[in-house]
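Engineer: Here the protein sequences line up with chains A and B, keeping their order.
Mapping to our numbering: the first sequence position 61 is 61, numbers consecutive.
Mapping to our numbering: the second sequence position 161 is 161, numbers consecutive.
Hints listed in this document are in silico derivations from the structure and should not be mistaken for laboratory results.
We treat Cβ as the ideally placed atom computed from N, Cα and C, and that holds for glycine.
Mixed in with the good hints there might be a few duds.
No more than 25 Å apart at the CA atoms, straight line, and that leaves these computed lysine-lysine pairs for BS3-like [claimed, not checked]:
#	chain 1	residue 1	chain 2	residue 2
1	A	K184	B	K388
2	A	K140	B	K410
3	B	K410	B	K388
If you want the footprint, here are the derived chain A segments under chain B, 3+ residues with CB under 8 Å [as the list claims (entries may be wrong)]:
#	region
4	124 to 136
5	237 to 248
6	267 to 275
7	281 to 292
8	318 to 328
9	344 to 358
Residue-level listing of the chains:
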Amino acid sequence: MSMDKLKNRFLFLNEFKILFLIIALIFTISILGQLSAFNGVFSELVQRHLLRIVAGILVMGLVYFYDFKIWNNFAYVFYAFTFISLIIVELLGVVRLGAQRWIDLYFFTFQPSELMKLSLILALSRYYSILPLYEVRLVKNHLLPLMLTLLPTILVLKQPDLGTAGVLFFVGCSIIFLSGFPLKIFLLSVMTGLLLCPFGWYFLHDYQKNRILTFIDPDRDPLGTGYHVLQSKIAIGSGHMLGKGFLQGSQSKLNFLPEKNTDFIFTTLAEEFGFLGATIIILLFLGLILYFLWCGSVTKTPFAKFLCYGLGLLLFSHVFINIAMVMGMLPVVGIPLPMLSYGGSSMITFMISCGLIMSALANRKI
Amino acid sequence: MLHNDDTKKEIQLRIKIVLSMVLLMMGLLVYYLYFLQVDCHHKYAMLSEKNRIRLSPLLPKRGRIFTADGKVIASNKYKYTLTLESCAENVFLENVNLLETCIPIEEDEKKEILNTRKKVPRYTPIVVKDGLSWDEYAKLSLIFYKLNHVSIDYIYVREYAMPLEFSHVIGYATKSDNGLQILMGKTGIELSKNEELIGEIGNIKTEINAAGRKMRVLNEVAPVNGNDVVLTLNADLQKYAYDLISQEKAGACVVLDISNGGVIALVSAPGFDTNLIASKINQDQWNSMLSDPLLPLMNRAVVGTYPPGSIFKIVVAFAALCEGVITPRDVVYCSGEIAQDNGVFHCWNRHGHGRVNVCDALCMSCDCFFFETSKKLGIDKIVEYAEKFGFGKKTGLELSNESMGLLPSKKWKLLRYGSSWKPYETLITSIGQGALLATLLQTATMLGKLYAGDYNFAPTLIKSKDESAIKERNPINAKHATTIKDALYQVCNAWNGTAVGSCKTNYGISGKTGSSQVRKIKTGEAGIGQKKFPWHLRDHAFFAGVAPHGNPRYVVAVFIEHGGGGASVAAPIARKIFDKLMEIDQKSLEIVPK
């Protein structure tokens with residue numbers, strides 16, 4: 001990249017005031033949440049979280065300053081690489097918490113399923129950016145994207161990771177829907193899918209069945225499976241309008257709340273900052289999602305458009321599933337809240353997303 | 001290209017659909033958040049407090065029970081209990097397994113503990129082992145750091161000195177049935193004085209974390225210990241009397257202080273082990289107590305009712321004198337039998353007593369004299385005086401289950417059987433037989449009233465703090481009482497008295513023997529020794545007496561169930577108790593002047 005271009009990119013950073021503001025606010029809340037989860041102690045884990053934020057910002061910059069064309073050109077390569085990783089995980093992945101999600105790269109462990117979310121969006125965007133508009137009415141032109149979506153979904157489902165599989169499936173289908181897939185067949189498939197759902201029951205693991213049964217009837221086993229959700233609802237519900245105050249949440253401080261710094265970070269914050277604070281968090285995420293979708297509408301190339309919509313829906317699915325699950329609206333499926341939950345893979349995924357959005361916006365005139 | 005424009009438009013529409021779906025679902029999140037945090041806040045706030053705050057009871061010490069001579073009869077001791085709180089199943093199981101390495105837990109117990117976990121709310125303590133031994137306590141202390149949700153608490157249990165001797169009068173207190181570990185009196189003084197003994201439960205409010213560990217104390221209300229109760233009983237005498245009565249199969253004894261109505265001894269034998277019930281009794285042991293043919297759980301002095309036999313003649317004689325039906329000099333000829341209502345009623349002495357006045361009649365316990373006298377007196381008067389002497393109603397002793405006995409009257413007969421009173425029934429009532437039933441305490445109280453000269457005399461077990469409290473007197477006719485008292489002295493001291501063989505002493509006992517039949521005597525059986533009958537068909541043996549002569553202070557009433565004769569069985573035991581009483585009296589006299 002020439003020096004001129006680099007200079008332009010720097011100047012263009014001015015355009016991202018709103019994005020930076022939202023990200024900065026989310027990170028502030030993120031640090032507050034992690035601090036609260038560790039009883040206000042600036043512990044090693046909080047430091048590590050801070051380090052991840054810094055790393056995330058660096059990754060975002062790197063993606064932004066990199067040539068946007070590379071994502072289009074290497075989309076299938078990324079996809080193939082990630083897909084092979086997924087298969088490797090299936091064969092010799094490290095078993096953690098009963099699920100094969102991580103791959104050990106000696107210097108750090110990472111989740112191919114996390115990377116798959118981005119690779120899938122890139123591959124689908126690439127595919128539909130090439131597909132002529134008049135071809136989208138033909139179902140046969142959508143067979144490859146369907147395969148691209150379903151194969152990793154099934155692999156992830158086998159790990160077993162119900163949440164990520166659901167996200168992959170949702171994002172893939174959304175992009176296919178936005179590409180102009182015939183409506184009648186789309187609706188028909190959705191209906192058939194819903195009808196086939198009960199048969200899927202036999203493929204679920206016992207703990208997944210338990211989670212779903214508990215979701216339907218939370219009082220089934222209040223000390224076992226239902227405990228997490230019940231405690232989470234108690235914590236959120238006892239927060240009231242303004243919350244119990246920073247570091248004053250008894251549910252999280254006295255360890256009644258499980259996973260209080262990862263999947264249930266929203267609960268920790270909602271208990272201490274109340275309805276007002278929790279609504280601000282939801283609105284910040286909504287702002288970020290709308291920013292992504294807005295980018296989709298202002299960029300000119302089909303690839304950038306699909307990329308932006310895909311990333312926006314990816315962010316949306318994470319935010320919605322996580323918050324709905326900690327409030328007991330959905331079964332607990334282990335989806336982290338982007339940028340707030342403790343954990344590296346998710347952080348990197350969403351910082352790459354932000355970088356891609358910025359890059360797409362900077363290259364919109366091309 | 002028109003085709004392309006259509007597609008473009010549709011894609012634009014689809015983007016809008018997706019956008020509105022995003023907005024709608026995010027709105028749904030905010031709505032549900034509002035529902036949880038604002039609408040349902042109260043419910044969840046309460047649940048949150050319930051999670052965090054543990055209210056544990058602080059148990060009071062139950063009041064002790066003392067005898068008049070200062071011995072502690074009921075006190076408290078610690079008992080260590082191992083409890084495990086209900087929590088997530090895997091944690092719970094892990095802890096149970098750890099505990100198993102230190103203390104033996106049987107497979108059945110383990111199953112029950114695991115079942116209880118499922119039923120009770122989170123963090124409810126479940127008793128794993130009641131009554132830890134020191135060995136187990138020490139072993140547990142070593143691994144205590146590994147355990148979660150486990151605590152060793154102590155509770156109080158009752159400890160009784162002389163449990164058998166005092167079993168009926170003191171009773172027992174055990175853990176209350178309402179789930180709290182406070183001790184509640186179940187029988188005897190423990191029950192009737194429960195309000196005083198129990199004290200008040202305190203509580204401690206602590207903040208706990210999810211592992212059940214106590215984080216800090218929020219509030220504490222100290223328990224109020226129960227008050228001690230001092231009884232009028234004398235422990236030495238109680239034990240002495242119990243040992244004597246126990247030598248027979250079953251029986252009872254009541255010793256009263258005439259000066260204040262205090263019960264000095266209240267014995268029922270056989271007794272039962274109250275310590276066993278207070279600490280830990282299993283179902284088999286309890287069943288064997290219930291099914292014992294000698295009924296150890298029944299208080300024979302206060303609850304069991306029996307025909308009082310000849311002792312009741314005192315009431316009839318006194319009534320006849322007061323009503324002017326007879327004078328002390330009037331005589332009746334006893335031929336050994338009397339005809340009434342187409343039947344023949346025998347005196348206990350088949351040969352007859354010859355010419356007897358009231359004094360002789362009591363002295364020799366002549367039945368014919370009382371048959372004749374009661375005919376003149378009539379049942380109504382007998383009932384009137386018997387009621388004055390406390391028959392047919394509770395004496396008001398501080399034991400909740402006291403029996404009333406049964407005083408048959410015309411009205412009672414009509415209500416009970418729907419038939420009129422027969423004249424012969426007056427005859428058998430006059431010698432304390434027939435339908436008449438009384439407790440031993442009623443019999444003793446009757447003598448107490450006579451010698452105190454006060455119908456209002458009543459027994460009590462509680463040592464009154466205010467001795468000077470003046471009770472209203474209801475005096476009895478002193479002149480006629482003296483006549484009766486003289487006769488009762490003769491019973492134990494004249495050559496022809498029924499109890500002279502065992503009760504002639506230097507301090508002078510006055511009293512009356514009684515043998516009450518439990519079966520109808522068949523012709524030809526008269527004069528056959530009681531020992532030849534099976535136990536349950538033998539007569540009940542009674543003796544009720546007063547001593548010392550001249551300044552009567554103590555009433556002793558002895559009852560031996562199916563003992564045979566009052567003179568031969570009950571009187572010698574009463575004599576020994578009187579001897580012991582005099583000995584104790586002497587000692588207390590020696591102490592008092594200092």
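Engineer: If a hint holds in the structure, say so; if it does not, say that too.
Structural biologist: To see whether the hints hold, each was checked on the structure:
no.: 1; hint: A:K184 x B:K388; verdict: 105 Å, violated
no.: 2; hint: A:K140 x B:K410; verdict: 112 Å, violated
no.: 3; hint: B:K410 x B:K388; verdict: 17 Å, holds
no.: 4; hint: 124 to 136; verdict: holds (count 3)
no.: 5; hint: 237 to 248; verdict: holds (count 5)
no.: 6; hint: 267 to 275; verdict: holds (count 3)
no.: 7; hint: 281 to 292; verdict: holds (count 5)
no.: 8; hint: 318 to 328; verdict: holds (count 5)
no.: 9; hint: 344 to 358; verdict: violated (count 0)
Checked against the numbered hints above, the structure violates hints 1, 2, 9; every other hint is satisfied.
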